[in-house]
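Peer 1: Listed below, chain by chain, are the residues.
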Amino acid sequence: MRGIIKSSAYLPYYRLNRTEITEFFGNGRASGARSVAAHDEDTVTMGFEAARVIVSSDSKMEPEALWFTTSEPPYLEKTNANVIHSALQLSNTTSAYDFNGALKSGVGALKTALNSNQTVLLVQADIRGGLPSSADESQGGDAAVAFLIGDGNDEQLIATYLGGSSVTLEFIDRWRNPAEKVVKQWESRFVEDTYSSLIKEAWNEALNNASLNESDLNVIIYAGQNERVKRQAPKVISVEQYHDTVPMDVGNPGAAEAGLLLISAIENANVGEKIALCSFNDGIELLIFEVTGHQKALNSIKDQIENRSEVSYSKFLQWREMLTVQPPNRPSPSRISASASKRESDWKHGFVASRGDQSGLIHMPPSRLSIKEEDTSDGMVTESMASSIGTVATFTVDHLVYSKNPPVVFAVVDFDGGGRIPIEITDVAKNEVKIGMRVEPTFRKLFTADGIHNYFWKVRPLRSVGV
Amino acid sequence: MASNGIKDKVAIISIGCTPFKEHWDKSADDLLIDATTQTLESVELTSDDIDAYWVGTAQSGMSGLTLSVPMKLQGKPVTRVENYCATGSEALRQACYAVASGAYDTAMAVGVEKVKDSGYQGLNAFPIPTAGTNRTLTAAAMYSLVLPAYAKKYGIDEDELRMVVAKIAEKNHYNGARNELAQFRREISAEEICNMAAIAGRLSVFDCAGVADGAAAVIVVPAEKAYDYTDKPLFVKALSFVAGNGSGLIDPDYDYTTFPECEAAAVDAYQQAGIDNPQDCIAMAEVHDCFTPTELILMEDLGFSRRGEGWEDVLSGKFSLTGDLPVNTDGGLKSFGHPVGASGIRMHYECWLQLRGEAPENRKIPDTDKNLGLVHNLGGYPGEMVSFVSILGTEVG
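Heads up: the protein sequence lines correspond to chains A and B, in order.
The numbering of the first sequence is my numbering, which starts it at 634 and goes up by one.
The numbering of the second sequence is my numbering, which starts it at 15 and goes up by one.
Hints may contain errors.
Claimed, not checked - Label pairs and their computed distance ranges (CB to CB):
#	chain 1	residue 1	chain 2	residue 2	range
1	A	VAL958	B	GLN88	53 to 59 Å
2	B	ALA139	A	ASP990	30 to 36 Å
3	A	ASP990	B	ASP267	56 to 62 Å
4	A	PRO811	B	LYS167	55 to 61 Å
5	A	SER1017	B	MET76	37 to 43 Å
6	A	VAL958	B	ASP39	29 to 35 Å
7	B	ALA139	A	GLU710	30 to 36 Å
8	A	SER1010	B	ASP39	38 to 44 Å
9	A	THR1024	B	GLU36	26 to 32 Å
As the list claims (entries may be wrong) - Listed next, the in silico DSS-like pairs over lysine-lysine satisfying Cα-Cα at most 27 Å (straight line):
#	chain 1	residue 1	chain 2	residue 2
10	B	LYS86	B	LYS35
11	A	LYS711	A	LYS814
12	A	LYS868	A	LYS907
13	A	LYS975	A	LYS948
14	A	LYS863	A	LYS929
15	A	LYS833	A	LYS814
16	B	LYS40	B	LYS130
17	A	LYS1037	A	LYS814
18	A	LYS907	A	LYS929
19	B	LYS35	A	LYS1037
20	A	LYS975	A	LYS935
21	B	LYS167	A	LYS1063
22	B	LYS167	A	LYS1005
23	B	LYS167	A	LYS1067
24	A	LYS1037	A	LYS1005
25	A	LYS1063	B	LYS166
26	B	LYS35	B	LYS90
27	B	LYS130	A	LYS1067
These are calculated hints, taken from the structure and not from any lab test.
Every residue, glycine too, gets a C-beta built ideally from N, C-alpha and C.
In isolation and in its complexed conformation, chain B is listed as follows:
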């Protein structure tokens, strides 16, 4: 089995992102046009200059027509992509491979989700006809299983661990409060979160990602042509993806303290990028904080913390804006909400801003010689998930 990767073969030359919020006055078409227009205009391109498109959406449209019709594209190949909550990242991954193959010189990946037209709270999956035997509990409840398992395995008091994950929410909301694109822009303390009513296990509503509409777009070109468009491209160092086989749901050995799909995707990405110790070279990371326990586990699965020590690193502030390895500097899913198709590209947008030194002063990461950013995006549940990891860098080599 080989995972050769496409290190330094493809570069990102532009990314755009709409505000993520309850866009009562905008359709999915509007959001797509806003994101793609912003992304094209910043490098003075038109939609006709793009050779091929990938549009990621979980439930806001089907087929490439989701993009080609509103954008009035003429004779372009457009592919609709869906891969659970990693849909946006998957669209980018496909666009990168298309450019790396030499098939196209410019490709755009755009992710969109119009969630708030359903009239219901939360994310609700499109109903596939079934025998009615599938598990029905919510994602929040599935992820809430992590806390008692982690506490037991590492001998941590459950109340203390509950505070640890509330600190993750506090950190992400602190960052999000400094981001004008974020849906929730209010700081909240871990103590306030701990005092809220539980909705699933010990998780409160502020341990969960919000729900929002939004879109984001990215243009990729062959690395050698990147400087034709921008002085500060980002080079794709690694793209990995793992779809699990569901073993965690049936195997009694699975203990809900790790997400094997995420760990495997990280190992693959580090190998593609030639990274031995991620903590030495990664300047910042955007990870899939759909629920606060998710981010805790990811710190260990991504190799940012040793096993059983992620909770201590959270408390030490290692992942805060000024820490050694800032995580979710834009506020994460916690502050942005989660328009499923768009979130993955939104994460890359934050890497784009931070690695290029363009993030606002009040949430800029410390200036170091580290020049890599990591994006982690997952979909599914503990025991049964898909996981994406990308690594981006400012330099070739």
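Chain A extracted, bound-state conformation:
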């Protein structure tokens, strides 16, 4: 059988209360919050955060391929999946591909992986926005998901794929040209009518493909950007709709929406329940799963929804570069060196340090020679620090250094298994940091210069549950 071996979701730490937007503009009504990627996150770093939970939960797990999907790729032409691949320290014989651009690519990659015969690590992430006061801005959300797709029996798969259907139709619904930051859309009544005429055909085909009757299904998830369509579908499909708190508490994370809702539904389902996923994005994609194996949720969505800090609307606009503020009068960073980055890739992307072979003293960054005389010259061994937990030994708040989110909180961190590094703490308020605070490494984007994104590690307060 084929299906989902493991799944994981990542929600960034920050939330924007939608009333912040309506209050700023002085009109409209809103409720709930949307998730907000921090200033140092992009779809690659968020995707990695989702995927690392799967990879670190099983040291023997080595997918044959990593497929990355987003509508907000940090790079075009260059493969973004390679950055995640490197950060996960996957074997270089594991292929890495991008399936980027269209929102449908998320559910498309999921279905393609399910229909393939490889063990595939799917990573899907999106950062959603729109013009200030737009519905896209308010209703969008930032999130990432990861799935390990492959073969297995009922015990090995958390959800078995039973079948599905596709209906492809070319029409103009939502569009954004490559150089544009915000989406435009056609009148939603036209879009609603277009989808409505396709739902019955797609649903019957999916049931037929999965050899199921409608009454066999326990719940159905509707994904897509058009709320009118989501309201029409239950009139055609007589399966209980899965009502999730994700749209209210997180928002719609675009290419990762279908995956996030699917993981949420699986987390809340019992073994034996059958779940349909119906995605409306430039056509209809239907997938039907049976929840087959127990899996203790890896960093559950529920926990992450509760683990949050509010961000102001002005900060949100700055982070999204919708509001340009006066930068510090310091030189902006220089672009990183490609050759130096390649040489240091294990450290830069994988947070792999070196350790003295006799003293055991961990050197961060890794060095060829040890500061301890007893260690063999040029005999350092590698030591991965990416999953290490550390403690703040001392810290400072730097108001002067260049940052997109000043002030920068810097800490000297001592890791439990050895190793010390002075490093930035992110996802933290400056008055929250204390000596003794527990922290964990997190992969972030430090800056972008000459179009090259500088990815490296910071630490964040240890808040995740179940990792």
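Following the hints, position chain B against chain A.
Peer 2: Then chain B, alone, in the frame of chain A:
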């Protein structure tokens, strides 16, 4: 391992120093010419009389051409030196060794930095291509880590310690207000400094050295020829230098209450000079007060205070102009600002004035039988720094 030193083999016969300030109307070339001309003329020498030159600059020029072209030197060996914020001292150190070796009879070290042409605030390092994984926080933030660590180790209230380091700034600005070469010539109280907004940890902008342009130059000759040029030469008793191995950044045992490179450089210098207890024989010291906590730690690393007692000595006034061991009598980096290549030689200039009794009356150190001066100059950060110490004296032996 030996550090034999060159005690009493080399003498300083002249030092000159430009005002340190925002020299909007002077280039690095102008500053070099001003400093070297002043230094040469005071002993009635010309640039051609100098056998070899070392020019220290961190970012204002590359190669010996930085000096030979503006000075229009003919056929002279000129070496550009860089060693972080200890660049000026390093240039002097190289010139001294060249003379001690017998290779040259006269050597000049000149330090210069033209900082204020960048259009940015603060000191900004020349970007070396990297993988982008290096630490990015400012020097102010790195040194601000000292305060909570020191307070915790010695059981001092953090508010009290904050006032202690503000007293260091108050002292240096008091001295600097009496120095016409200094950039900032206004006294400021520790209370005013404590009430300022923090920019890094608990440090305010007045806990940090300023930024200025400037140049300074020094001529050294073999000790036995010193009196050919001046009645009051200063003899080089010790020159030490330690470049750290960065262990403080990776070793969990490092606690940010000492700078091991500075302590090691001091031990070496005292050994070279034959000094057992520096407090007994050192008349005054110029130390690298890049940030106020730096000077506090240096008092202990240089052996001026016992471990954990430096803060009490600061409060007692031990290091003030009239104290037992005046420190930074010219106002220090706090008052002068920090033209990186020039600062080390500027520090020696103050020793020159004080040991020869030529400092102005309003900032002259008490007349004692101590006849040694100490210069400490560092570069880098807690955990990863270079450190220089020199000891100068008015007499041979």
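Peer 1: Hint by hint, say whether it matches the structure.
Peer 2: Hints and how they fare:
| no. | hint | result |
| --- | --- | --- |
| 1 | A:VAL958 / B:GLN88: 53 to 59 Å | holds, 55 Å |
| 2 | B:ALA139 / A:ASP990: 30 to 36 Å | holds, 34 Å |
| 3 | A:ASP990 / B:ASP267: 56 to 62 Å | violated, 20 Å |
| 4 | A:PRO811 / B:LYS167: 55 to 61 Å | holds, 57 Å |
| 5 | A:SER1017 / B:MET76: 37 to 43 Å | holds, 40 Å |
| 6 | A:VAL958 / B:ASP39: 29 to 35 Å | holds, 34 Å |
| 7 | B:ALA139 / A:GLU710: 30 to 36 Å | holds, 32 Å |
| 8 | A:SER1010 / B:ASP39: 38 to 44 Å | violated, 54 Å |
| 9 | A:THR1024 / B:GLU36: 26 to 32 Å | violated, 44 Å |
| 10 | B:LYS86 / B:LYS35 | holds, 26 Å |
| 11 | A:LYS711 / A:LYS814 | holds, 19 Å |
| 12 | A:LYS868 / A:LYS907 | holds, 20 Å |
| 13 | A:LYS975 / A:LYS948 | violated, 34 Å |
| 14 | A:LYS863 / A:LYS929 | violated, 30 Å |
| 15 | A:LYS833 / A:LYS814 | violated, 35 Å |
| 16 | B:LYS40 / B:LYS130 | holds, 10 Å |
| 17 | A:LYS1037 / A:LYS814 | holds, 19 Å |
| 18 | A:LYS907 / A:LYS929 | holds, 19 Å |
| 19 | B:LYS35 / A:LYS1037 | violated, 32 Å |
| 20 | A:LYS975 / A:LYS935 | violated, 38 Å |
| 21 | B:LYS167 / A:LYS1063 | holds, 23 Å |
| 22 | B:LYS167 / A:LYS1005 | holds, 25 Å |
| 23 | B:LYS167 / A:LYS1067 | holds, 17 Å |
| 24 | A:LYS1037 / A:LYS1005 | violated, 38 Å |
| 25 | A:LYS1063 / B:LYS166 | holds, 20 Å |
| 26 | B:LYS35 / B:LYS90 | violated, 30 Å |
| 27 | B:LYS130 / A:LYS1067 | violated, 38 Å |
Violation of the numbered hints given earlier is confined to hints 3, 8, 9, 13, 14, 15, 19, 20, 24, 26 and 27; the remaining hints are satisfied by the structure.
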